[in-house]
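One line per chain: the protein sequences are A, B and C, in this order. Residue 263 in this note's numbering sits at position 38 of the first sequence; the count goes up by one each step and never skips. Residue 319 in this note's numbering sits at position 94 of the second sequence; the count goes up by one each step and never skips. Residue 375 in this note's numbering sits at position 150 of the third sequence; the count goes up by one each step and never skips.
Worth flagging that the hints you see were computed from the coordinates, not collected in a lab. Just so it is clear, CB atoms sit at the ideal spot from N, CA and C, and this is done for glycine as well. Among the hints, a few may not be true.
To be verified - With a cut-off of at most 20 Å between alpha-carbon atoms, the simulated EDC-like pairs for lysine to aspartate or glutamate come out as follows:
1) A:K569 with A:D517
2) A:K569 with A:D404
3) A:K450 with A:E518
4) C:K566 with C:D517
5) C:K596 with B:D336
6) A:K339 with B:D487
7) C:K339 with C:D328
8) B:K450 with B:D404
9) B:K569 with B:D487
10) A:K596 with C:D336
11) A:K634 with A:E644
12) B:K596 with A:D336
13) C:K339 with A:D487
14) B:K450 with B:E518
15) B:K566 with B:E518
16) B:K339 with C:D487
17) B:K450 with B:E597
18) A:K450 with A:D517
What the hints assert, rightly or not - Residues from chain B that face chain C, not an exhaustive set, calculated with beta carbons under 10 Å:
19) S260
20) V302
21) K569
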Amino acid sequence: MLKAKLLLIGIIMPTLLIANEQTGQTTAEFHSIDSLWVLLCAILVFLMQAGFKTLETGLVKREHRAGVGAKNLMDMVAGLLGFFLLGYGFMFGSSHFGIIGFDLNLFAGTDLSKSELGIPGPVFFLFQVAFAGTALTIVSGAMSGRTGLLPYLIGSIITAILIYPVFGHWAWGNLLDQDNHAWLAEIGFMDFAGSTVVHTLGATVGLVGIILVGPRLGRFDMHGKILPIKASDYSYSVLGVILLWVGWWGFNGGSTLTFGNDVSTIILNTNVAGASACFSAFIMCYFFQRRDELMEKMMGGALTGLVAITACCNVVSPSSALIIGLLAGVIHNLSFDLILKVFKLDDPVGAIPVHGFGGIFGTLCVALFGKEELLVLPRWEQLLVQAIGIEVCIAFTVIVSFIMFKVIKMVYGLRVSPEQELGGMMAGRKMPKEFYEEEKGAKI
Amino acid sequence: MLKAKLLLIGIIMPTLLIANEQTGQTTAEFHSIDSLWVLLCAILVFLMQAGFKTLETGLVKREHRAGVGAKNLMDMVAGLLGFFLLGYGFMFGSSHFGIIGFDLNLFAGTDLSKSELGIPGPVFFLFQVAFAGTALTIVSGAMSGRTGLLPYLIGSIITAILIYPVFGHWAWGNLLDQDNHAWLAEIGFMDFAGSTVVHTLGATVGLVGIILVGPRLGRFDMHGKILPIKASDYSYSVLGVILLWVGWWGFNGGSTLTFGNDVSTIILNTNVAGASACFSAFIMCYFFQRRDELMEKMMGGALTGLVAITACCNVVSPSSALIIGLLAGVIHNLSFDLILKVFKLDDPVGAIPVHGFGGIFGTLCVALFGKEELLVLPRWEQLLVQAIGIEVCIAFTVIVSFIMFKVIKMVYGLRVSPEQELGGMMAGRKMPKEFYEEEKGAKI
Amino acid sequence: MLKAKLLLIGIIMPTLLIANEQTGQTTAEFHSIDSLWVLLCAILVFLMQAGFKTLETGLVKREHRAGVGAKNLMDMVAGLLGFFLLGYGFMFGSSHFGIIGFDLNLFAGTDLSKSELGIPGPVFFLFQVAFAGTALTIVSGAMSGRTGLLPYLIGSIITAILIYPVFGHWAWGNLLDQDNHAWLAEIGFMDFAGSTVVHTLGATVGLVGIILVGPRLGRFDMHGKILPIKASDYSYSVLGVILLWVGWWGFNGGSTLTFGNDVSTIILNTNVAGASACFSAFIMCYFFQRRDELMEKMMGGALTGLVAITACCNVVSPSSALIIGLLAGVIHNLSFDLILKVFKLDDPVGAIPVHGFGGIFGTLCVALFGKEELLVLPRWEQLLVQAIGIEVCIAFTVIVSFIMFKVIKMVYGLRVSPEQELGGMMAGRKMPKEFYEEEKGAKI
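Excised from the complex, chain A in its bound form:
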């Protein structure tokens, strides 16, 4: 009798425990730690908005500080609203012909609970919306100093609703719903945390914008010679670089969407690449280039390393990250000169070299430096597919953003008046100009 009782206890207790394990506490635990990590990373990526704002503000002319600040705030808002209302559903909803997602529940946060991930749907949304914001804000720096605030806002909203989500759907559309056909992912395109999806895409929108809006007054003389432009506060930009760098711990570290053992290695790679890129850009500029661009080269170099490692931080070793970084610094310095001195494009904060060239290079590094066993395809096929992904991104983005900016330009105009560009936000307003001497301000 006693024996039977004991036996019973021996059976029931573990059973209860198992039930407990699997349905309640521990399972919740398991998800909790992943959710907490991804949420922390979303916070860090969101903090990158502060980094971009600070970086760009310090690099533009004094009169354009307020304007670039306003643009940063506007694209954060546009990103949040546009992606919340429509973009998220287009990116992660059920795929239609592999071209675009569509899911009424995902529009306007109607019901975000569906998730095949180990984390709740709303957590995934917060992480993704922070990413969308990053792609948008790259544009603000590139077009700063002469673009109107309202046309910029319209462009941001369209990018958040359409450009970013559609390409994102092709590359990452199967993340939330594994039945989705994300055609780039399916042919083997690997872009871990978005060297292409976020950075190259953002830079491409910026590039098209730069071409359509034209250079700032006083950037080039009538013969196309570069005129010097003073940065308002380099040190402030360094703060931006550090904030961005901190944010990148989350940008790359959260992209696993779980808190596994690979997270710390990913973050290690990220830091090593950023540091070595800054180092090589510094050494190259100090000894072989014009030293009066040293600050731009150091800061841009560091960021290019961070952008480059973004696609491949989960498949390379720390020593490869070191080499990727060293190369990224050199690529930054060369492409910085190429854009400004050869192509005569006016990119006030160097967004194209950092996010464009850095993004392309990093996406290729997946195939070039990735550990063979972690690649989807054999190395050379992988390289080909990576190149295809980049080309698709650029081609698609150029076409759509060209149409977008062209229409805005025709309908409303992209550019502020010369008076406002030179005098700042308050020029031509009722308020006497001398009261805004300090902060001439935002382009509207």
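Fit chains B and C to the supplied structure of chain A, relying on the hints for placement.
Chains B and C alone, transformed into the frame defined by chain A:
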């Protein structure tokens, strides 16, 4: 024999496991994740000090930058010390007549271990002290530019020890010790993360301070006409807005005091409200108001949305958050003009519209937009109780802070000399003024 | 038969559970929360780079802002690369004669997986590399305004590879591998989060640098009289103090390397000490010292309190932390005047008083204020050992950094040209100087 042995194992092992489960590992786990989340949120709320400082610094005149910076540091210190020494015990100690708490263990951190929450007492203290600091720092901006540093410090300490904890006791006094009678909570007042407790209260102290200290020299002419005042650096203020926004993830997200599934929805609502408020404030100002206040309206609008959602982010849907935000932006723009242009009050950083009007509106939104099943009372009764809570807060705070500032004014004086106000911190000191041309500085 | 079956289940199930417990889920859980906490703290310590940059930028002259920003970025890079490539292995590798560690796996991140801690090796690396960066960046402020960028970079790399890791090995070398003999730890030296290992060491390198590079032009007149120097933006420095303060939550809170119950008390102590130090420094300066240094005293006081509590935050009570802070504020104000006015050393940002005097005081406080049962030795023996640790640190660091800077000075030169020092980064370059009027900039 063997059978008996096996049986024994079958009994002992699960028993050990259960013991382990319930007293040790898993229970600790369960608390750990909540503790970690609340601690992370405390860090984010603490970071809001940086946000307030940056926001306010950019909006004040150049000569007052150092002064507002000093005030921000002082009220952080006053908040930490005052709340640590006495305020925490008054707010969360055993209730005396429902008016004030009192617990010797909670004074000066004597023994904070008591906690009926799922998180340790000291973690709860860190989260609450960061909240207290937020309420205090709202005042610094409102009174900046003409208030002396020492009187401001005294006012901050009294607010941290008395005003904030006493009203806080009425609304939240049952959080740590569920036997406490927090009378506002008991009649059904709902203020999730403090639209009233933190923001309206802080704004009310600031309002009383503004009235008693008077406007800055040069804000109005002798006929009461508004004179323009230049902001020192709008872009710097944008950094402040972003830092505050990031901090709000913790301000609202941590107020559950657990890391449950509602956290991500709360944060989602917070972001949606902030973004839509910024959007509506921008559109309203751009098309219907004076565009030279565009930066103030955009930034203040965003913050008003964040303040408004604070009371109700746990009971509304994301689409309601969108509407609350859109309305908050409009309310901000109207009340901004009301305070400055109708009431002729000199609130250099717009603290009253943001924290006062935003706080009141948000507290009412609990009843107006909350899901019926999540409200304590039927909707219209809830609205009444919300209104009572707001009125009690304002009445109590006006009375106590009026006495406080009046006494300080009589005994020591609230205001700096006109020479110091115009010339800055260093005016009338031994050091030759020209050495501080750049940073004329802090009011002392 | 049935009985046997049930019995079998009774045996197998708990066995499976145990296996599960110990190798899989729960164990992983247990580590996860610690890993997540330490990683979060590493992020916060990394954010302190932003704090140092901001603090220092605001305190230096306008012409030197870009230069100090560049130095901050460079030493972050030097710290990351130097510590990654060699320093980490020297500090935590297998001890050789107790003098230096050496482990090929720890160089260049070859294989960081080995860990006797509850957290993975790479997480520990990230936390430690952030610490190394903190020690380095203390130097940048002390030497700012007249030190060349390249010599500074070389000094930083050597500090990251050699000075910090070797002394760190003596004090903390047994953390990763408990078989290591860290001789200072073994005689009972206690320095919880690095008042000596990080702060005093960094300040000592800075002190030697200051002496060898000499004061800035215009700091003292020909008779040694102090000339006034204008700070570029005090309010910006306040942002730095707040960012550092937030970072300190991780600096001290993460040093347990687990997420136990002591974490919140440690953070509580940290905040109390910082606040009370700021308070006593303010009161002392306001009533008894020259008020034109009020900002320097307030900010430096706060930081001195944070530095002081760093060594002892895990062994003192909150009320002791209050006293330690109050004393730290006074010590700061006295040592600030001592360094500048008695020793006539030009420390532009007050790094020596904060990190040097604060570090020494805090290390002694372990013995003076620590709870007896938490000390390794009886109180007075503990005090003796603490003093020995400090002396060893200073003696070792003075010798090695003197040789280092002396060699750099002889081979390359430490100092920029007077033209560059007065005119800034761009002086004597091709670009016309007037274009950089705003941001004269970095010393190279």
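Each hint, compared with the structure:
| no. | hint | verdict |
| --- | --- | --- |
| 1 | A:K569 with A:D517 | 18 Å, holds |
| 2 | A:K569 with A:D404 | 46 Å, violated |
| 3 | A:K450 with A:E518 | 17 Å, holds |
| 4 | C:K566 with C:D517 | 15 Å, holds |
| 5 | C:K596 with B:D336 | 15 Å, holds |
| 6 | A:K339 with B:D487 | 14 Å, holds |
| 7 | C:K339 with C:D328 | 11 Å, holds |
| 8 | B:K450 with B:D404 | 55 Å, violated |
| 9 | B:K569 with B:D487 | 42 Å, violated |
| 10 | A:K596 with C:D336 | 15 Å, holds |
| 11 | A:K634 with A:E644 | 19 Å, holds |
| 12 | B:K596 with A:D336 | 15 Å, holds |
| 13 | C:K339 with A:D487 | 14 Å, holds |
| 14 | B:K450 with B:E518 | 17 Å, holds |
| 15 | B:K566 with B:E518 | 13 Å, holds |
| 16 | B:K339 with C:D487 | 14 Å, holds |
| 17 | B:K450 with B:E597 | 47 Å, violated |
| 18 | A:K450 with A:D517 | 17 Å, holds |
| 19 | S260 | 7 Å, holds |
| 20 | V302 | 5 Å, holds |
| 21 | K569 | 27 Å, violated |
In the structure shown, a violation is registered for the earlier hints numbered 2, 8, 9, 17 and 21, in ascending order.
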